[in-house]
Amino acid sequence: MIIRKMFEFENAHIVRFCSSKRCKTSIHGHSYKVEILLESKYLDNAGMVYDFGLLKDEIKQIIDSFDHAITLFKDDDKAYLEDIKKHSQRWVSLPVNVSAENFVRVFFILIDTLLSKTKMINGEQGVNLKSIIVHETRTGYAQGFKEDAYSEFLPKITLADIEFSKAICDEWKDKDFFKKLQNSNFIFVNQKEV
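Letter by letter, the sequence shown follows residues 1 to 194 of this note's numbering.
No lab work stands behind these hints, which were simulated from the structure alone.
One or more of the hints may lead you astray.
[Claimed, not checked] Calculated lysine-lysine pairs in the BS3-like style (CA-CA distance at most 30 Å, straight line):
#1 K146 / K86
#2 K78 / K5
#3 K5 / K86
#4 K74 / K192
#5 K5 / K192
#6 K56 / K146
#7 K74 / K119
#8 K179 / K156
#9 K5 / K175
#10 K85 / K33
#11 K119 / K5
#12 K117 / K166
#13 K21 / K130
[What the hints assert, rightly or not] Computed beta-carbon distance windows for the label pairs:
#14 R16 / I121: 22 to 32 Å
#15 E8 / Y42: 25 to 35 Å
#16 D67 / K180: 36 to 46 Å
#17 A160 / A79: 21 to 31 Å
#18 N185 / S19: 40 to 50 Å
All C-beta atoms, glycine included, are put in the ideal place defined by N, C-alpha and C.
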């Protein structure tokens, strides 16, 4: 069985090297919608694949980290990157160009890592991240799966390659959230009640 939860965020970027002149030469923004699709062959104590309330915790925090921020490609022009970081408190730096397709891959890696490091205590079993869909515009979206996120044919993305500005980290309920996500020994525990 598959469940979906949609989140929204506002974000600005430049998509370097694309065909669209406006997109590759000017900062512009989108009202993004992100669909998280989880699957399991089992249901928890309440008869759910995964309680939607639990998705409003760390997973929502991950998506919200990109809200009202600018997302940067770490290999962009150094002067541009320094200037943006000087004038914008909320920024995220990625190791890949900032396309809807790469947003899918980044979100997949972040959320897949979180789920794999979560102790589920409400009867959840076999919960896997099936897919991520990122709607960039009203008519255009990208959808990706595990094989896309970790593809040997695409540039590699690791958590160590993703950087969140201090202003974003300061808004997390736990300022060390991302460090804990990167720590192979740390385990998150689902709440019993949200």
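Hint check results:
no.: 1; hint: K146 / K86; in the structure: violated, 35 Å
no.: 2; hint: K78 / K5; in the structure: violated, 37 Å
no.: 3; hint: K5 / K86; in the structure: violated, 34 Å
no.: 4; hint: K74 / K192; in the structure: violated, 39 Å
no.: 5; hint: K5 / K192; in the structure: holds, 20 Å
no.: 6; hint: K56 / K146; in the structure: holds, 22 Å
no.: 7; hint: K74 / K119; in the structure: violated, 33 Å
no.: 8; hint: K179 / K156; in the structure: holds, 20 Å
no.: 9; hint: K5 / K175; in the structure: holds, 25 Å
no.: 10; hint: K85 / K33; in the structure: holds, 25 Å
no.: 11; hint: K119 / K5; in the structure: holds, 20 Å
no.: 12; hint: K117 / K166; in the structure: holds, 24 Å
no.: 13; hint: K21 / K130; in the structure: violated, 34 Å
no.: 14; hint: R16 / I121: 22 to 32 Å; in the structure: violated, 44 Å
no.: 15; hint: E8 / Y42: 25 to 35 Å; in the structure: holds, 29 Å
no.: 16; hint: D67 / K180: 36 to 46 Å; in the structure: violated, 21 Å
no.: 17; hint: A160 / A79: 21 to 31 Å; in the structure: holds, 25 Å
no.: 18; hint: N185 / S19: 40 to 50 Å; in the structure: holds, 45 Å
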